[in-house]
Amino acid sequence: CNSGVDCASIVCAPGTATCAAPTCNDARRNGDETGVDCGGPLCGKCPTGAGCDEDGDCWSSVCGAADICSAARCNDGRRNGHETAVDCGGAGR
Numbered sequence: 669c670n671s672g673v674d675c676a677s678i679v680c681a682p683g684t685a686t687c688a689a690p691t692c693n694d695a696r697r698n699g700d701e702t703g704v705d706c707g708g709p710l711c712g713k714c715p716t717g718a719g720c721d722e723d724g725d726c727w728s729s730v731c732g733a734a735d736i737c738s739a740a741r742c743n744d745g746r747r748n749g750h751e752t753a754v755d756c757g758g759a760g761r
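Plus 668 on top of the position in the sequence shown (first one is 1) and you've got our numbering.
No lab work stands behind these hints: they were computed from the structure.
Cβ atoms here follow ideal geometry from the backbone N, Cα and C, with glycine treated the same way.
DEER-style ranges, computed between Cβ atoms:
#1 692 x 758: 26 to 32 Å
#2 721 x 691: 17 to 23 Å
#3 682 x 745: 41 to 47 Å
Working from the sequences, and respecting the hints, build out all of it.
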């Protein structure tokens, strides 16, 4: 390979000119990831603004419109953020 566009993983290993397997720290959205180096069955949860396929892909547990992780809110029907129960409790409550 000459560059990442030559590879299914979008990663051309430097120095070897061979396509590298996708990893959860290669700064690319590849493999089964839903966001860059996050989401999917192998990588950690994604931050707000990253791509998602389901709530479990997101730190906030909210995969919102356009398959983007949304911030935790006090009325999102989920126990997330600093809540101690669904949409209640925690700091400032």
